[in-house]
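Peer 1: This is what each chain is made of:
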Amino acid sequence: MKTFVYPVTMAILVFASAFTLVTSNQWKVNGDNYSVRFTSSKMEGVFKGLKTDIVFDESNLASSSIKASIEAATVNTGNGMRNKHAQQGLGADQYASIAFESIAIIKKGDMFEATGKLTIKDVTKEIKLPFSFKRNQTGGVFEGEFKIKPAEYHVDKSGTPEELDIQLTIPVVQ
Amino acid sequence: MKLKQAFWLGIISAGLSSVACIVYGYLHAAAFYVDFSKVLGPVNMIAASVLSCLLMALGYWLALRWRGTSLLGWLQTGYAVLSFVSILGVLGFQLPLEQESPELFPGLAIPMHFFPVLSIVSVFPFFHK
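So the protein lines, in turn, are chains Y and E.
Per my numbering, residue -16 is the first one in the first sequence, and the count goes up by one each step.
Per my numbering, residue 280 is the first one in the second sequence, and the count goes up by one each step.
One chain only, chain Y, in its complex shape:
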């Protein structure tokens, strides 16, 4: 019986450490300090209600993936009437969230690029999302920026800007 103690203990330790390695690439949003911001020549605003499922390892991009969503009804342009207009444009009653899911992540110079599917309202389109990841003492920060044309996602209520610049700053911890 004693002869099994060491092999079994070693097997458990090896299994547990492997499990630790897998979970160490998992990142979660650090509190409410994130920023999901959109700007255009006409307006600017932010979204809240960010939910993420991020697995990211700079040295193993093949196994990395990013899933993120925000609540459409949380759009805040700093003006109550414009918020209502934006919520209607996004169809927030019917389409509660705006979601992104990566298909592939590659290294591009000093940055990374996630190719993925962005879903707004009833439209899903493939986009490329360039981003950086900087580690810090508490974890790291993802920063990315990309442009979208709202009309391509059936967000075409009068007054909607032709193009929006989306800026993401997401502090994460493990």
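Mixed in with the good hints, there may be bad ones.
[Stated by the list, open to error] Interface residues of chain E toward chain Y, partial, derived using beta-carbon atoms under 10 Å:
id : residue
1  : 354
2  : 357
3  : 374
4  : 376
5  : 382
[Said to hold, decoys possible] Short derived list, chain E residues pointing at chain Y, Cβ under 8 Å:
id : residue
6  : 373
7  : 385
8  : 387
Everything labelled a hint here was simulated from the structure, so no lab data went into it.
All values derive from a computational prediction rather than experimental measurement.
Beta carbons are placed, not taken as given, at the ideal position from N, Cα and C, and that holds for glycine.
With chain Y held as given, fit chain E onto it using these hints.
Peer 2: Positioned in the frame of chain Y, the structure of chain E alone reads:
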């Protein structure tokens, strides 16, 4: 009406307007649990009340010197119309993006736009007999 009286008319009505604004601000915050003090705090309320009431008092002084009491009705109507038009500025105002519940801001700021004219019209009879 002397200029000195016009000055005190402006100051006293600004005081009343400031008190009304501050009390209403507290009531609004207590009723809706939203804090707009970073955008519209007591200092802003007092400054806006003093500026608008002194300007209106100067208007009274000029009108009385120029045409006597015959312009008073039009002057007060003008003040009311200007106060009403000024709410367009509130409706189009952009709050900082970190401010929560911006849809509740007009309910705070719009009534305040009428407090200076209400207070000066109330106080004016005590200064002009």
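Peer 1: Kindly indicate which numbered hints from before are broken by the structure, ordering the numbers from low to high.
Peer 2: 1, 2 and 8
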